[in-house]
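Colleague: These are the residues of each chain, in order.
2 protein chains.
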Amino acid sequence: MTAEQNLVRIAVDAMGGDNAPAEIVKGAVEFARTGSAQIMLVGDEDALNSELTGLDTDGLPVAVVPSEGVIREGEPPALALRQKPKASIVVSTAMVKREQADASVTMGSTGAAMAAAAVVLGMTKGVERPALGGPILGTAPRTVILDVGTNVDCRPQQLVSFAVIGDVFARHFWNIEKPRVALLSVGAEVGKGNRQVRETTELLEKSGLNFVGNVEAHELAKGAVDVAVCDGFVGNIVMKLTEGIGDAMDARLRDLLDGALPPEEVNRVTAGFHELTNVVEMTGGGPLFGVNGVTVVGHGSAKATAVYRAIGVAKIAVETGYVPQINRDLEAVHAKLDA
Amino acid sequence: MTAEQNLVRIAVDAMGGDNAPAEIVKGAVEFARTGSAQIMLVGDEDALNSELTGLDTDGLPVAVVPSEGVIREGEPPALALRQKPKASIVVSTAMVKREQADASVTMGSTGAAMAAAAVVLGMTKGVERPALGGPILGTAPRTVILDVGTNVDCRPQQLVSFAVIGDVFARHFWNIEKPRVALLSVGAEVGKGNRQVRETTELLEKSGLNFVGNVEAHELAKGAVDVAVCDGFVGNIVMKLTEGIGDAMDARLRDLLDGALPPEEVNRVTAGFHELTNVVEMTGGGPLFGVNGVTVVGHGSAKATAVYRAIGVAKIAVETGYVPQINRDLEAVHAKLDA
Numbered sequence: 001m002t003a004e005q006n007l008v009r010i011a012v013d014a015m016g017g018d019n020a021p022a023e024i025v026k027g028a029v030e031f032a033r034t035g036s037a038q039i040m041l042v043g044d045e046d047a048l049n050s051e052l053t054g055l056d057t058d059g060l061p062v063a064v065v066p067s068e069g070v071i072r073e074g075e076p077p078a079l080a081l082r083q084k085p086k087a088s089i090v091v092s093t094a095m096v097k098r099e100q101a102d103a104s105v106t107m108g109s110t111g112a113a114m115a116a117a118a119v120v121l122g123m124t125k126g127v128e129r130p131a132l133g134g135p136i137l138g139t140a141p142r143t144v145i146l147d148v149g150t151n152v153d154c155r156p157q158q159l160v161s162f163a164v165i166g167d168v169f170a171r172h173f174w175n176i177e178k179p180r181v182a183l184l185s186v187g188a189e190v191g192k193g194n195r196q197v198r199e200t201t202e203l204l205e206k207s208g209l210n211f212v213g214n215v216e217a218h219e220l221a222k223g224a225v226d227v228a229v230c231d232g233f234v235g236n237i238v239m240k241l242t243e244g245i246g247d248a249m250d251a252r253l254r255d256l257l258d259g260a261l262p263p264e265e266v267n268r269v270t271a272g273f274h275e276l277t278n279v280v281e282m283t284g285g286g287p288l289f290g291v292n293g294v295t296v297v298g299h300g301s302a303k304a305t306a307v308y309r310a311i312g313v314a315k316i317a318v319e320t321g322y323v324p325q326i327n328r329d330l331e332a333v334h335a336k337l338d339a
Numbered sequence: 001m002t003a004e005q006n007l008v009r010i011a012v013d014a015m016g017g018d019n020a021p022a023e024i025v026k027g028a029v030e031f032a033r034t035g036s037a038q039i040m041l042v043g044d045e046d047a048l049n050s051e052l053t054g055l056d057t058d059g060l061p062v063a064v065v066p067s068e069g070v071i072r073e074g075e076p077p078a079l080a081l082r083q084k085p086k087a088s089i090v091v092s093t094a095m096v097k098r099e100q101a102d103a104s105v106t107m108g109s110t111g112a113a114m115a116a117a118a119v120v121l122g123m124t125k126g127v128e129r130p131a132l133g134g135p136i137l138g139t140a141p142r143t144v145i146l147d148v149g150t151n152v153d154c155r156p157q158q159l160v161s162f163a164v165i166g167d168v169f170a171r172h173f174w175n176i177e178k179p180r181v182a183l184l185s186v187g188a189e190v191g192k193g194n195r196q197v198r199e200t201t202e203l204l205e206k207s208g209l210n211f212v213g214n215v216e217a218h219e220l221a222k223g224a225v226d227v228a229v230c231d232g233f234v235g236n237i238v239m240k241l242t243e244g245i246g247d248a249m250d251a252r253l254r255d256l257l258d259g260a261l262p263p264e265e266v267n268r269v270t271a272g273f274h275e276l277t278n279v280v281e282m283t284g285g286g287p288l289f290g291v292n293g294v295t296v297v298g299h300g301s302a303k304a305t306a307v308y309r310a311i312g313v314a315k316i317a318v319e320t321g322y323v324p325q326i327n328r329d330l331e332a333v334h335a336k337l338d339a
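Chains as they are written, first to last, in the working numbering: chain A, 1 to 339; chain B, 1 to 339.
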């Protein structure tokens, strides 16, 4: 047990996601086999033990933590939290709060994960509600874009907070020393755009970040900057449009290649293509931003491999101390702007 | 000359665009060969006559109208209009105003075309500045999206005007009887989105249009609605992101196919793919919306075929009477909302 005591402890919501619990348990156990994290599977005890029976987990750092109920995609998060206080997402998030785990990971409802994180872990000072983001474009796998979530009406100060969070993300996850931070806008000239962009530009110029001005969407797709900041309305449209174009292209590509290549070659080409518009599947998931703890949220359709990867993201987040760094940087930047 | 008097008369800005005047003249002359429009090439007289010399234009309904100077992409439009009052875009737009032409077509600076149209033709009542739009997604070639231009901060009333314009566009260009009109937003539920969407939803529900609520970006990419309304900030990002993803995918596809298919087959597949993200090249161009006359603006990189198609768009716009229809519908809808 000595070794385990130094392992990063990950609470995995084993009930969340389209393929729960089977694929969640499978991916988590695979991660445990690396010996680099202690896995705590949170969910219905009988169901989880039954899944584990089929896998060889002898001696692995895997434990089961009981919970009651699941919050499904589409349930109103705030109401669901009150109705199901022992749901798997609540219990796994609470383990982080109580320092029984270093991070939590879920493939379940993003809304529920955000609500649980906001209520249980609390918000980082300077952030009004949890933000979502990450490298959402496969054509720009080293560009973090945020917010892509629920912050649809943003004041300039919020966008500055997103810039700070993205800056820390790029430094901690990708070791970029001075990430180029830009505002997603409709013209390349600094300050060109809507009122929100113009007002945020003034603040970012004083922020001390490596603010490089605006990035236009076609340059964004090429990975021209390290951090692209936008409100959640624009960011969510960017994310979903990319998925939609990718799906349509996938279908068209199969049509065009049909008969011209053997089926296995068609699969190779379309798979290489698919990742360009479905980067979340490649990374497994991304951390919620702006909450006082590490919660990684993946895609509802995740299978074992994506779960494995999401746990890896959580581990890096813990090991690099990115949450305390965000807190320090947010405080410093907002103090500078208020001065 | 009797036949010509009944032909639609198109003033073509022969100096605008990266490939002017050669490709513009070539495309316009090709259109004249159909015998379905009278073409007036506006530009430097010597240059145009020299281009025409190389083409067999005997007996074709093609004339040259002299102008002085060109407004280039990137010049501040308002200033350029004052400095170059006889520039080709000004002269061709003025011909529409003076009823010497039924429509104008340009591959030059979009900003200059918009400024010339606003100043020379004047704005439609209920529209503050010219809007841009059209079927900008190749994966949704029968969905008109607007604004994708310079209306970056919009009041709800402006978005209603865009909805009316898009509705007329879908009826006149595509013969869709009751176009499904939607707001581009971040959730499928009616009214879900930012403040702008919520406020505009209230108005559209009373507008008498076939308002179907929100469309999310992945559904937009599949052509789920006929008209998608957004402000120019969001629309411009949608348009440029699509181009950027397309370019990146094009490059990736060539890599994936290299060696697996003969070069001519690679070209066939990538060409079939390219049009999914570059629909403007396929349509040639789209009309400026909200001005009192028909001006079709194409891509600066247009070659003869795209010019030919843009002239075709202008011809349909004239023949279907879409500008007077927009004026009537805008008046009716805003009267209904004010009541």
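The hints are simulated quantities; they were obtained by calculation from the structure and are not laboratory data. Among the hints, a few may not be true.
Note that identical chains are pooled: a pair holds if it fits in a single copy or bridges any two copies.
Below, in silico cross-link-like pairs of lysine to any residue (SDA-like), each with a Cα-Cα straight-line distance of 20 Å or less [as the list claims (entries may be wrong)]:
#1 222 x 255
#2 240 x 190
#3 240 x 188
#4 222 x 275
#5 97 x 123
#6 192 x 260
#7 240 x 189
#8 222 x 36
#9 222 x 274
#10 240 x 218
#11 222 x 243
#12 222 x 240
#13 125 x 336
#14 336 x 201
#15 240 x 141
#16 303 x 203
#17 84 x 256
#18 125 x 256
#19 97 x 63
#20 336 x 324
#21 240 x 111
#22 303 x 123
#23 240 x 219
#24 222 x 252
Colleague: As a check of your reading, is residue 222 near residue 240 (CA-CA no more than 20 Å) within one copy, between copies, both or neither?
Modeller: Cα proximity of residue 222 and residue 240: in one copy and across copies (17 Å, 11 Å).
Colleague: Checking residue 97 and residue 123: alpha-carbon separation at most 20 Å within a copy, between copies, both or neither?
Modeller: For residue 97 and residue 123, the Cα distance is within 20 Å only inside one copy (12 Å; across copies 59 Å).
Colleague: Go through the copies and call it for residue 84 and residue 256: within, between, both or neither, with a Cα cutoff of 20 Å.
Modeller: The answer is neither: 49 Å in one copy and 48 Å across copies each exceed 20 Å.
Colleague: Within a copy, between copies, both or neither: where do residue 97 and residue 63 come within 20 Å Cα-Cα?
Modeller: So residue 97 and residue 63 pass the 20 Å test inside one copy only (18 Å; across, 78 Å).
Colleague: For the identical chains here, do residue 303 and residue 203 meet the 20 Å Cα criterion within one copy, between copies, both, or neither?
Modeller: This pair counts as neither: shortest intra-copy Cα distance 42 Å, inter-copy 43 Å.
Colleague: Taking 20 Å as the upper bound on the Cα-Cα distance, should residue 222 and residue 252 be classified as within, between, both, or neither?
Modeller: between (22 Å within a copy, 12 Å between copies)
Colleague: Give the relationship of residue 125 and residue 336 under a CA distance limit of 20 Å: within one copy only, between copies only, both, or neither.
Modeller: So residue 125 and residue 336 pass the 20 Å test inside one copy only (15 Å; across, 47 Å).
Colleague: Are the CA atoms of residue 240 and residue 190 at most 20 Å apart within a copy, between copies, both, or neither?
Modeller: Intra 27 Å, inter 18 Å, cutoff 20 Å: inter-copy only.
Colleague: Between residue 240 and residue 141, at a C-alpha cutoff of 20 Å, which is it: within one copy, between copies, both, or neither?
Modeller: both (16 Å within a copy, 18 Å between copies)
Colleague: Reference check for the pair residue 336 and residue 201, CA-CA at most 20 Å: within, between, both, or neither?
Modeller: within (15 Å within a copy, 40 Å between copies)
Colleague: With 20 Å as the alpha-carbon cut-off, assign the pair residue 240 and residue 219 to within, between, both or neither.
Modeller: both (18 Å within a copy, 9 Å between copies)
Colleague: Can you tell me if residue 222 and residue 243 fall within 20 Å by alpha carbon in one copy, between copies, both or neither?
Modeller: Both: 16 Å inside a chain and 11 Å across chains, each within 20 Å.
In this structure, the earlier hints numbered 6, 8, 16, 17, 18 and 22 are contradicted, and the remaining ones agree with it.
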